[in-house]
Each structure stands twice: as structure tokens, then as C-alpha cells.
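K.L.:
Please build the complex by placing chain B on the supplied structure of chain A, with the hints as guidance.
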Amino acid sequence: MFHFQSYFSVQYLVFLLPITVILYAFLPQKARRVVLLVSSYLFFWAISGKLIVYLLFSTLSIHHIGLWLSRIQTDEEQRLQVTVKEQRKEIKACFLKKQRMVMAFAVILHIGILLTLKYTPFFASNVNTLFDFLHIGISVKIPSFLLPIGISFYTLQAVSYLFDVYRRKIPADQNLFRLALFMGFFPQIMEGPICRYSDTAHQLWEAPSIKWQNLTFGIQRILFGVMKKMVIADRLNLLIQNVFGKPQSYDGFVIMIVMVCYTIQLYMDFSGTMDLVIGSAQIFGVKLPENFQRPFFSRTISEFWKRWHITLGTWFKDYIFYPLSMSKPLKKLTARARKKVGNHFGPLLSGAIALFCVWVCNGLWHGAGWHYLFFGMYHFGLILCGNIVEPFVVRATGKLKIQRDSGWYRGMQIVRTGILVCVGELFFRAEGLRLGLDMFKKMFTNFTLTTLHDGKLFSFGMDRYDFLIVFVALIVIFMVSIWQEKGISLRAQIAAKPIALRYAVYYTLILAIVIFGAYGAGYVPVDPIYASF
Amino acid sequence: MEKLIEILEEIQPEVDYSACTDLVDGHYLDSLSILSLVADLEDAFDITIPTVEIIPDNFNSADSLWKMILRLQEEG
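If you read the sequences in order, they're chains A and B. Under my numbering, the first residue of the first sequence carries the number 732, and numbering increases by one thereafter. Under my numbering, the first residue of the second sequence carries the number 981, and numbering increases by one thereafter.
With the rest of the complex left out, here is chain B:
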């Protein structure tokens, strides 16, 4: 989780990731930030994020992102 927060802070430093639950809906992460984030997550956690996973439900908070990462790691 720490690694995830580090990546997020590098992309968009002005957000409190422990509390924010509307990263996409609140326009904190735009489409281009999401492209950066996906590239970083794939490198850092050795996963492939398919397009179908790019939905606000998965990207709205650090917690939901973390759950998606764990799930994708499990699915291999």
C-alpha cells in the first residue's frame, strides 16, 4: 500500500489519499494522469491492467486501487 501511495503522490501530490474517495469523480485524476498511473502500477506490481478495469469504482480511492492490484495479482 505504501508503494501505491508513493506512486499516487508522485502523479498528483495535492491529494490526501488516506481520505479521498472521489479521485476520478472529483476530477483529481484526469485521463492523462490515469495513463501515467496505469503504466506505473503495471511496472511496480507486475500486473497487466486491462481497459475494462479502468472504471471510477477501481480508481476513486487508494483503497479501491489496492484491492484491484491484489485481485489482478491473484488472477495472474
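Looking at chain A on its own, in the form it has when it is part of the complex:
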């Protein structure tokens, strides 16, 4: 039996993906859909075994609830057609209430499963801490649940599908198998991107024949992702594990270096996985949404979150931020506040309430732990502060005649945002909030360059050779990012070059992975970080 650990495993890259592609290429359209669905369930089964029932249950339930909502909407339309205008409002309200009841049931069901499996142990252990603190001699048994792979991702997809049907953005899908493929498509089930039904379900069901350009572009993107993961993320892993595992043994300088290294690792691991995922889908002619848009070129934290894990951010915006901030009480609050404090600060209060809810959810979505909640609150605070001080900064820079679009000012903003992100990631990775705070403090109270001078820095998991390879690889990625930022498609540029040059680029990329990839004895590949969320 196959046992997959990540998309970077031999089982995926050498067996599952190529075999699926070959079968897909030689079979007629209807059979191609079956191939995709069988491969998807095989992949899920190989990782989570019997827990596949959770995915099957979610798929069946959203199919059923979607049709339920659709029936209510059809009934409503039929009733409205035979009702006089004066009574329509009442009928609309009655059917809206029915739909809301169905949606409440659906959300409780799906989010309830996620909350129970993922957060019960966290909740129980905190209850025990509270009982201890209050000297109450009771303790709650801490349950332990096995989590099916990708539950945090496919649950959000399921909820978004139901909300879109409820909002009449899409019709309910009659076809259970199309929904099943949308929910379980194997390249994206483990780490996203979190897709919307309107973006991917019909593309997947269409199952177009494989095109040469899609095949080559897809493989190139997969190779680029493998390079990010194996040459950079895996090479950094030993150092990061060592320092975060026992931060007491290291000084502030080492912690600072590792904080930056972890931020790089997280980006390379997650964006590398996304390259592999989006490249795999592209081979089948499916365009998945992008999850990253060069986030480290962001000038503000707010912009950073528009470029980092984009599909999670837009999910929270569409299904939490706007519904909350556009609810009647918050709309009234906005209108009243605008009259008193103007256009900028007016919406800030209701926006802040909605934003707070978004960041609590964002923090907890990443995991059940106080440090994840702290991570969410940290970014909430930064975004809110950014919005509060913005008018003052505009005024101050205007008075000082500073061009906000000048290169140095933008550069300063980019560096500042990068530092703030790195600090957030320190708490995100730390093994608990207390250790995170200790590590942060150490960067100021125990900062010394001794480990750099005596060369000890290179004995904590990465030697000079490792640092050099990571540095060179980062330069390559930085250059590619600049091209992408300018709107240049590197793959299209390469495709237009003579065949010899094209193959030289491909072989260089493969050789770079083989020679500089961190694998084998002495290296510990990083576990798929986002798969565990």
C-alpha cells in the first residue's frame, strides 16, 4: 500500500501523478473524470485511511443541503409569481428565514465537525488549567482525535459552496460526482488553494485533453516548486528544529537569524507546494487560483495579507468580514461614526469589530494553541494601527515633502513590513506562547555576535556551504520574483527560446535540485507545514 507523506514524496511525483496523467491522456473524456476522482480518493485513502468517511460525508451533505436550498428558492420564485406586489416582501422574508435555518444547520454541522476534531483537546486542556487555577479538584479527560488530511481546507470549500448557493451566486449542483471532484481533487486537497465552486468545479468536470503547453508549463512549475522546497526549505530545517526545539541554549543573534530563516522556510515550503499543486493541475488543463503574489514586496501588513495565502484571506473577507461589517447593526454604527469622525475613521470601528473576528478565526484556523491566537491578534493589531496612523503619515510626509512613491521610501516600507512579518512568524513557530515571548525578549537582552565571530553559528545545523547554497537560491528566486512583479511570464519567455537553450534551462533546474537539494543522510525534510493546519 502506498503511504504518502507529502506532495514531494516519490510516491506522488513518480507514481500517482505520472500514472494519473498517462491514464488521463489515453482515455475518453468521461473516463478522465473517473480517473481524477479515483486518484483523488486513492490519495486521500493512502494518507488518512478510514478517515475518508469525513470527506465523503461532507460531500454528500453539501450535495443534499445545496439541493434543499435550491428547492426553497424555487418554491419562493413560484410563490412570488402568483403574489401581488404588496405581499411579496412578507413572502420573501418567510423564505429567507427558511433558508437561514438551513444555512445555520449546515454551518453548525460542517464547522462543528472541524471544531470538535481540531479544538476539543485544546479546549479541554484549558478547562483543566482553569480548574487547577481555581483549586477545583476536577479534571476533564483530554480526548484525542485523528484529523483527516486537509479538513481545514475542504471544510472551507464546502461552506463557501453552500453560501454561494444561498446567495444565488451559483445554482446548486445536481451532479454528486462533480461536487465530489471539486471537494477532493488530489493536488489541492492537502494544502489548498481553497477553491470556489464557480472557479474550479466545471473546469475539473470538463476534463479537457492534455495539451503540450499545459504539460510543459505544468512540469516546469512543479520543478520550480521542488527546487524551493528541497534546496531551501529542507536545507534550513535542521537549524530551525534545533533552535526552536531548545531556544534556551542560543543567544539573541542566533534566534534572530533563525527567525528570518523560519520565515523563509515557511514561504518556500508553502509557495513551493503551491507551485507543485498549481503545476499538477495545469497538466490536466485546470487553472487553480494563485495563493501567493510575491508577498515580500508588500509595503504594508495589510498588503502582505493580500499577497500571502490569498485564497484564505479572500475566504475570510467574503464569508466573515463583509457579512459582519455589512450587517444592519454595524452598518448603522458606520453611518453614525462617519457623521462624527469623517470618512476615514468612521468605518474603522465596525471594520475593526469585523477584522477582530477575522483574525481570531485566522489565528485559530492555523492551529489550536494560544500562540496561534497571539499570531492572529498581532496581525490584527498591526493592520488596525496601520489604518489609524495612515492619515497622519500622509500629512507628515506631505509636510516633509517626502515622495511616498520614491524608491527609498518604498524600500524602507518593504523592509519594515518584512521585519514585522518575521516577528509574527517567530511566535507562530515557537513551541508555545511563553517560549515565543522568551525568544523575542532574548533578541534584545542577550544579543551578541560571538557565535558569528567564533564560527559556532555554522555548527547549529547549517554550515557555511549550506548558508551559501540557500543564499544563491534565494537570489535566483528574487530575480524571478522581480520579473513576475513586472508582469513578465518567465515560462512563456523560455518557451519562445531555441530548443537547445530551453533544454539547458530545464536540465539546469533538475541538476540544481539533484546536486543542491537537501536530502539523504544528515538532512531532515520539513514536514508539509500547512498540511497540519
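Hints in this document: simulated from the structure, not taken from any laboratory. Cβ coordinates follow ideal geometry from the N, Cα and C atoms, glycine included. Don't take each hint at face value.
[Claimed, not checked] The following label-pair restraints were derived from C-beta to C-beta distances:
id, chain 1, residue 1, chain 2, residue 2, range
1, A, V1236, B, T1028, 52 to 58 Å
2, A, E821, B, V1032, 18 to 24 Å
3, A, P749, B, T1028, 27 to 33 Å
4, B, V1032, A, A1235, 48 to 54 Å
5, B, T1028, A, R1233, 51 to 57 Å
6, A, K1018, B, A999, 27 to 33 Å
7, A, F908, B, D1002, 34 to 40 Å
[Unchecked claim] Derived pair list, reagent style SDA-like, types lysine to any residue, alpha-carbon separation capped at 20 Å:
id, chain 1, residue 1, chain 2, residue 2
8, A, K1217, B, Y1008
9, A, K1217, A, G1142
10, A, K900, B, S1013
11, A, K1048, B, E982
12, A, K1048, B, V1004
13, A, K1062, B, I991
14, A, K900, A, H795
15, A, K823, A, D806
16, A, K1062, B, I1035
17, A, K1048, B, N1038
18, A, K1062, B, T1028
19, A, K900, A, L877
20, A, K1062, B, D1010
21, A, K900, B, T1028
22, A, K1037, B, I1035
23, A, K900, B, D1037
24, A, K823, B, L1052
P.N.:
Same frame as chain A, but now just chain B:
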């Protein structure tokens, strides 16, 4: 349309609304500006903008905003 441009200029004056077609994608209108804009549009044009309408396609230009307003007015 003039009324719409007036509202937009009050919220974000540094944009040429006759030419700009990426108000949301180009980060000219952020989430909070959109909250202000929605409140103003609902007051000025006597419409209710449901959450489902808050998508870049509707908010990326003055023209697309205007089309959304007319549609919502028609739907009543």
C-alpha cells in the same frame, strides 16, 4: 453618474475615475473604503447592496459601479 463620481472623490480623491479600471485590484479602495462607499451608495441611490455584490468586478471602476447601481435599482 456625476453623483457617483462625487461620492468616490470624497472617499478617495487621488484617483482619475474616468480612466481607472482597477480600483480594488490596484488597492485604491481597501475594505474600509468599500464600507464607506457602500453606506454612501445605499443612502444616495436608495438601494441595498447585498454582500454577494461586493466583488472586484462590481467595484473596479466607476462604470461597473454605475451598472451595479442601475441593476439594483431595477431589481427594487
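K.L.:
Give a verdict on every hint.
P.N.:
Hint check results:
no.	hint	result
1	A:V1236 with B:T1028: 52 to 58 Å	holds (54 Å)
2	A:E821 with B:V1032: 18 to 24 Å	holds (22 Å)
3	A:P749 with B:T1028: 27 to 33 Å	violated (53 Å)
4	B:V1032 with A:A1235: 48 to 54 Å	holds (50 Å)
5	B:T1028 with A:R1233: 51 to 57 Å	holds (55 Å)
6	A:K1018 with B:A999: 27 to 33 Å	holds (29 Å)
7	A:F908 with B:D1002: 34 to 40 Å	holds (38 Å)
8	A:K1217 with B:Y1008	holds (19 Å)
9	A:K1217 with A:G1142	holds (16 Å)
10	A:K900 with B:S1013	violated (24 Å)
11	A:K1048 with B:E982	violated (30 Å)
12	A:K1048 with B:V1004	holds (13 Å)
13	A:K1062 with B:I991	holds (17 Å)
14	A:K900 with A:H795	holds (18 Å)
15	A:K823 with A:D806	holds (11 Å)
16	A:K1062 with B:I1035	holds (18 Å)
17	A:K1048 with B:N1038	holds (16 Å)
18	A:K1062 with B:T1028	holds (11 Å)
19	A:K900 with A:L877	violated (35 Å)
20	A:K1062 with B:D1010	holds (17 Å)
21	A:K900 with B:T1028	holds (17 Å)
22	A:K1037 with B:I1035	holds (15 Å)
23	A:K900 with B:D1037	holds (14 Å)
24	A:K823 with B:L1052	holds (16 Å)
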